[in-house]
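Could you put together the complete structure from these sequences and hints?
As you go down the protein sequences, you meet chains R and S in turn.
360 is the number that the working numbering gives the last residue of the first sequence; the numbers go up by one with no jumps.
1169 is the number that the working numbering gives the last residue of the second sequence; the numbers go up by one with no jumps.
In short, the hints are calculated from the structure, not lab data.
Watch out, some of these pointers could steer you wrong.
On the chain S side, residues computed to face chain R include the following (Cβ under 7 angstroms) [said to hold, decoys possible]:
no., residue
1, L1041
2, E1056
3, C1060
4, W1066
5, S1067
6, Q1070
7, V1073
8, L1074
9, R1120
Yeah, the Cβ is synthetic: ideal placement off N, Cα and C, and Gly gets one too.
Take a look at the letters that make up each chain.
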Amino acid sequence: MKFIQRLLARGKLRDAARRVAEEPSARHYSELVQLYAAQDQLDAALQTAAEGLSLHPRDPELRRLHERSLRIKRDGRTRELLVALRETPRPALYRELVELMLEDGRAAQAEELCGEWIAKQDGAQARYWRARARCTRYFADRLREDGRMALEWLLEAERAAPGDEGVLRLSLDLHARLGAWTQARRALARLLELHPGDLALEARFRSISALATQPSDPQACLREIEKSGRFADEDQESGGASTAIRPVLQALARERGVKAAFFVRGSTALVQGPRGYTAERTARGVSEILQVSRSAARRLGLGQPLEVRLEGDYGALAALPSEQGSGVVWLDTPALTKRMEDGLRELSGLASTSGERSIR
Amino acid sequence: MKHYLDSLLHTPGVRAAGFVAADGLGIAWSERAARSGEEPLDTEGLAALAGSWLAELTRCGAPLGWSAPQRCVLRATRGTLILAQGPEVVLVVLLDGGMSHEDLRLPMESALARLQRHLRNLGSGEAREQGAPLPHRTNTPLSPALRAPTNAELASEERKAGQTAPSGE
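As structure tokens, then:
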């Protein structure tokens, strides 16, 4: 029976590969990836997805399949590592597993594993990875308590391994995000001692030195970030350039039942649909809704918001907030089609913006 | 009220469900922790924060001419919060991370409809006979002897008094 199934699957794979060769569209690539995945040929699925993404980098289905294949592969390796750790716990295995968990977005589990690692074999590496896991949690949720613990554990890691490059880079990353420029400059100076003449580090040192005019208190920075929901380096990033957002917004606004589509980042927004003062007023309202929802998610301990939906007599509002920017759509009815969801996901994934209308 | 909430807890992934007043005061809660032995939630805090989020959303929508939202969903990395506006109360449901909020649409609507029916029955006086714990407004009109006269009735009485009063001159 299995032999027949394999034979049939081989035929399907051959057909799908031929279709890709004839017409290398995103849909054909997706079909081929799915067939490989169904046959447990994960490496082939990953390779095909990567090949498809190089031709269609913005296709959401291919991106989803690529991420899913990666995740399945990581899950397999995680299981192997868990078994190996039970038999022979070694720092290298712990390190790989923690790294995998962090890549997978399971920072809390990674931190738990680091706790176990410290209990069994305390050392500088274990403390560094624990600090890194907590930093990842803080970067995702922006809770003050997470930030406080991240700073504390980072200090412990620094004491355990003074001058370790990984620890210094983590310290630089955390303090630069917090806006604690004096501490960030100190970490950079020590990194420059390790890598004298590194052009990227030197350029960063100059820009951070310009900001570190007066001493900064990391605790005050944590409070400020919890209040505003924005890291210090995000303020500097805004105002970049992209022409990719407008077409996605236009496509969203053309969908049946869509009243308006927005791309919101910080205090700026791009609007498609309403015009003039109405556009400005609606964008301001939508931006405030996102802001209060972010703040509510943090206060409720739910972490970083992924989706906000409102329904009322005005229709429905669906938003996908992200660190880079939020895609929002205002509809007649609550039902969101797959195309709309893909559009919103694409908007939220777009990193840079240009020509945004200031709404403050 | 609690048994309307208990039915929601049968849906997989629901951590807690509760009725919250418009001012963010918890009225009744049903928690999964009570059954599974998990760490209990701070339901009072949850009710206050959910109420404050709803109030803030209403405030944000007011300049656009939007009335208070009927259903709000906040999906985040560690869970999902769903609010549904009911008759004078808000139904709040907290879901585990990764659960679909759409699965709860029908059960929540059903819980609210049952609550509404219960309140209607209270109003019609059926529940009073069963010993309802709280005072409530009835829809049946009071007899004229028990209620204060209306302005129209006062005016007509004055007119009648004017017609029957003997003239002084």
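Do the hints match the structure? See the list:
1. Among the interface hints, the one on L1041(S) is violated; its C-beta lies about 10 angstroms from the nearest C-beta in chain R, farther than the 7 angstroms criterion.
2. Here the hint on E1056(S) is kept, as its CB sits about 4 angstroms from the closest CB of chain R, short of 7 angstroms.
3. For C1060(S), the shortest C-beta to C-beta distance to chain R is roughly 4 angstroms, which falls under 7 angstroms, so the interface hint holds.
4. Given hint, W1066(S) at the interface with chain R, holds; its Cβ is 4 angstroms from that chain's nearest Cβ, closer than 7 angstroms.
5. Satisfaction of the interface hint for S1067(S) is found here, the shortest Cβ-Cβ separation to chain R being roughly 6 angstroms, below the 7 angstroms cut-off.
6. With a least beta-carbon distance of about 5 angstroms to chain R, the hint placing Q1070(S) at the interface is held under the 7 angstroms criterion.
7. At its closest, the beta carbon of V1073(S) sits 4 angstroms from a beta carbon of chain R; the interface hint therefore holds under the 7 angstroms criterion.
8. Of the supplied interface hints, the one on L1074(S) holds, with its beta-carbon coming within about 6 angstroms of a beta-carbon of chain R, less than 7 angstroms.
9. Restraint check, R1120(S) versus chain R: the minimum CB separation of about 23 angstroms is more than 7 angstroms; hint violated.
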